[in-house]
Amino acid sequence: MSNSHLFLKSGFPRAPLQNGLGRYVCQLQRITLKFCKNNGSSRGMRDFIENHLLDFAKENPGIVVYVKPRRHRTPVLVGEYLNGDREWLSCRNSTQEEISKWIDLLKTQNGSSSSLRLRKMWHTDVPSIQGPWTPFLLRSPEAQDQKYPSEESSKPLDIPQTATEKLIELFRQQQLEAGESANEVLSKKRAE
Amino acid sequence: MSFLAQTVRQVLRQVPNRSLALTSAMRSLSISPAFHQQNKPAPSSVDASAIAKDQLKECQSICERINKQVAKSEQGRLFAVVHLCGKQFKITPGDIILVEGYWPPTIGDEISLDKVLLAGARDFTLVGRPILEPGLVSVKATVVEKTLTHTKTHFRKKRRKQYMRINFQRSPNTMIRINSIELARPVDAKTEPESEPSKRLF
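Read top to bottom, the protein sequences are chains A and B. For the first sequence, the residue numbers in UniProt numbering are 1 to 192. For the second sequence, the residue numbers in UniProt numbering are 1 to 202.
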């Protein structure tokens, strides 16, 4: 982040007036196209007005379009929104296609959103439906009255059988097969 | 006997691969025939089909309870986890989610999000593997806004090399409002693939 971002506002995604819940209302109310009739920097704007402006106005009956010629000034696009925002765009030396793209952007946004850093890509009024997770969720009841420190729960769960233990086990197995006599042998060896 | 065991232990210390050496050492050590000492567990006498039948019965009873609740519309608010443009969002009706980058749908478009990974209510959860079968849960949404992000500065500089570049960029963002999440048809214990799967999967 650079120094210009130090005073950048940050926020969370919002849509004005529950827009889109029942029906969708286009937020752009007025658009003003200011241009000069003979200056070269307004050429793209003049082309747009000649070729596409009527189609745009017909497609969007909810948007009021003003066209304002003025002498020797740069061409400008101004959009006014339902929430009172006003977005001003300079279109100096821009072509017809660029202007139609910018107008499309003005049409599709909810307000002048140029300077808001979004902290989340998600907004909800109901954060949890099954209840928030806690460490005690889905734990066995025995875990509740466990006394600490406890020998059992401080041991790792997966201690592998050592070779000695395995040998002893094998020996026991043989003992069972051979009978009681081997037991005596073991006790004798232990005594030694 | 114990003497033998000691020698084996010494051998074991030298051999790096313990487990293999251990089993072979045990074999050599043993007096009883080798087939007695095989590590395989004894074949269980439990009938597998009986367990499967029990599970199926339990599944069916759970599904019936869910369907009963949904039929009486007592399930309350539903939520879902949907996959949209490479990201997963946990959504419930009335939520706003944002899609970053270029995305064709424009404002006012009503779309249905088809890749539902999970759907749930207060008392039950349907988990997809990895997605729920298409047509089970219908998630409807409206595109509310398409705008550009704030201006991001992309600045790079190499010290002592007379190299400095600064670029500014704004990428498109699309805001979507979730309208409704509904169970389109009753939940079935036997998951049969639908005859005609949905064509568009966002």
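Calculated from the structure, these hints are not laboratory results. None of the values given here were measured: they were computed from a predicted structure. Using N, Cα and C, we set each Cβ at its ideal position, and we do this for glycine too. Watch out, some of these pointers could steer you wrong.
[What the hints assert, rightly or not] Here are the in silico distance ranges between beta carbons for each label pair:
1) B:Ile-166 / A:Asp-85: 25 to 31 angstroms
2) B:Cys-59 / A:Asp-145: 30 to 36 angstroms
3) A:Gln-29 / B:Phe-155: 46 to 52 angstroms
4) B:Arg-165 / A:Ser-90: 21 to 27 angstroms
[To be verified] List time: in silico SDA-like cross-link candidates among lysine to any residue, alpha-carbon distance up to 25 angstroms:
5) A:Lys-120 / B:Asp-47
6) B:Lys-152 / A:Gly-22
7) B:Lys-152 / A:Arg-139
[Said to hold, decoys possible] Facing chain B, a subset of chain A residues (Cβ under 7 angstroms, in silico):
8) Ser-2
9) Leu-6
10) Arg-92
11) Thr-124
12) Asp-125
13) Ile-129
Comparing the hints with the structure gives:
no.: 1; hint: B:Ile-166 / A:Asp-85: 25 to 31 angstroms; result: 28 angstroms, holds
no.: 2; hint: B:Cys-59 / A:Asp-145: 30 to 36 angstroms; result: 34 angstroms, holds
no.: 3; hint: A:Gln-29 / B:Phe-155: 46 to 52 angstroms; result: 38 angstroms, violated
no.: 4; hint: B:Arg-165 / A:Ser-90: 21 to 27 angstroms; result: 25 angstroms, holds
no.: 5; hint: A:Lys-120 / B:Asp-47; result: 52 angstroms, violated
no.: 6; hint: B:Lys-152 / A:Gly-22; result: 34 angstroms, violated
no.: 7; hint: B:Lys-152 / A:Arg-139; result: 46 angstroms, violated
no.: 8; hint: Ser-2; result: 5 angstroms, holds
no.: 9; hint: Leu-6; result: 12 angstroms, violated
no.: 10; hint: Arg-92; result: 18 angstroms, violated
no.: 11; hint: Thr-124; result: 5 angstroms, holds
no.: 12; hint: Asp-125; result: 6 angstroms, holds
no.: 13; hint: Ile-129; result: 5 angstroms, holds
In terms of the numbered hints stated before, the structure departs from hints 3, 5, 6, 7, 9, 10, listed from lowest to highest.
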